[in-house]
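S.K.: Read top to bottom, the protein sequences are chains A and B. Going by the numbering used here, the first sequence opens with residue 1, and the numbers climb by one from there. Going by the numbering used here, the second sequence opens with residue 1, and the numbers climb by one from there.
Source of the hints: derived by calculation from the structure; they are not laboratory data.
Here are some chain B residues pointing at chain A (derived, C-beta under 8 Å):
id	residue
1	T51
2	G84
3	A120
4	F124
5	E126
6	G189
7	S315
These numbers were taken from a predicted model, which means no experiment stands behind them. Ideal Cβ positions, reconstructed from N, Cα and C, are used throughout, including at glycine.
There are 2 protein chains.
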Amino acid sequence: MIKRLGAGTLMFESRPRIAGYASVVGRKEAEGPLCELFDKIYFDSRGEDDTYEAAESRLQREAARIALEKSGLRAADMDCVFAGDLLNQCVGSTFGMMGFGVPYLGQYGACSTMAQNLLAGAVFVESGAARHALCVTSSHFCAAERQYRFPLEYGAVRTPTSQWTVTGAGSCVLSESGGDIGISAATVGRIVDLSVTDANNMGAAMAPAAADTIMRFLHDTGTSPRDYDRIFTGDLGMVGSELLYDLLEREGFADFRGRHDDCGLLIYNREEQDVHAGGSGCGCCASVLCTRILGDLARGALHNVLFIATGALLSTTTSGQGKSIPAVAHLLRLQSDHA
Amino acid sequence: MIKRLGAGTLMFESRPRIAGYASVVGRKEAEGPLCELFDKIYFDSRGEDDTYEAAESRLQREAARIALEKSGLRAADMDCVFAGDLLNQCVGSTFGMMGFGVPYLGQYGACSTMAQNLLAGAVFVESGAARHALCVTSSHFCAAERQYRFPLEYGAVRTPTSQWTVTGAGSCVLSESGGDIGISAATVGRIVDLSVTDANNMGAAMAPAAADTIMRFLHDTGTSPRDYDRIFTGDLGMVGSELLYDLLEREGFADFRGRHDDCGLLIYNREEQDVHAGGSGCGCCASVLCTRILGDLARGALHNVLFIATGALLSTTTSGQGKSIPAVAHLLRLQSDHA
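Hey, can you work out the whole structure from these sequences and the hints?
M.R.: Laid out in structure tokens, this is it:
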């Protein structure tokens, strides 16, 4: 049984294991500081595919294939796949995953999708609903720009608060056993809306959701930031991270800033790569999770971390209609056996 | 613990209960044969709202509010909400559910969403991850036409195989206890693609997915269609239902046809309402489930039914790119205590 604590925190007794993980990215990501850690790099953003959407599906397919290979399991061993992405109707995941023939549960959490997949997957594994579950998500700069903003050919100017959608996918194999890393707890996010309407400032829209989830988790578990080796957020970028510090410091969590890293600030070299406020997209925190974070946990450099992925739940329709940008953040506690 | 059978069937020992349910629809649905059963009817398809998207969110909000009321529980009692819809980035659900303040897990299964929500919710309730969970989905004819086909003002001609998107929402409160109806089993669908590319013939695209899931469930449980009082599919319509009979009869399930009803054929009077092949949309099977099906189970007219919702996992982008329409179908076995 899964134990519930307080306002939405789940404790996993058996700690569902991350038995394999992989990340596949594009050229710009490979030019960043995590270059050496990716499992596969596509230097052409469309590769062998006709469309950017098909190229995004390929990123998912390859990340899942390599994660399975590293876990020593086959697609046929998976009881369920949890997948989602930013494209309309999550077609990156549909076309990415359909070849595997695994029972499929599509998830939509925008850029929080990787955390949502792992959270739902952990519930399925802990409850016996799945022995093994595959989690995967992706984003693609060119597909996202065309869908959310402008086709690249227009050469639109970006605002300083804008973020750069990561071309990349991350995938984890969850399992009852295997590997050195387990998911020991999770907090399901609530939709938080502080009336931010600037679609070029996602960090500001998402920071309040991250603050809400982090504070609920710390309150539910009676812990404080200093109880964790490191706390990673998904893609708040420079602007959102600063806002998160403000929100948490106001509530008395002054020790948060020193323990925090944002995946949107880890994946690129902001000084040199012209990504403005940092990286974003479902593939951003998924790629950083499946390289640096899980890598550091596996080799014992980290033992006990929090991973909070945030998502902005807007569409171009609601933005065009002048609506605000509601956001959500899901949290996972990841622990290594090296502790 | 949840027991797994064969290729993706889950058995719920404690039979998570449907403690409350409600359906809210538009005028056309109210003019159909289920008129007397809906909890609330909006005779103006935009009602008090500025946009069709906001009107769709209102349908969800009202369906959830009434389902909660009927269950005797409050939003604050819910540990989790599972919601999704057909609008880009599922904004009908985001804006519909954000006011409730309940931890939120967005689902994307296109028109299979209601079954997916209940399946995931049942796993959460059975495992202890949630004591109570809210499930909700919707569709809106005007919002869907503009997004998937043409703005209504164009007056586009519809093909004979096309279906009419239901303006409606359905919501269920799942709980450890309460009510006369439980979810005793479920089968997670796989993505099935038989290369149908006609976006005006969703029934044909979805029938193979329904056949795949139904056959896996019957095989896993060692049962046959005659073991169930009634078998309901989501929105295959006239064309998809006939194709489903063909597919199942070829595999030896000749007794399926006589036990089957399709929600897309139950919600409208096809002779009089000009809906061509029948109803469709997430709100179609959700509305029929939360009126006729659960109503018949509650009053003992049915005891033991299968509910299979199908979803076509396309986007206008993939259709425009000439891609096929992959589909998925999730199955639930619903049983009443009157048996």
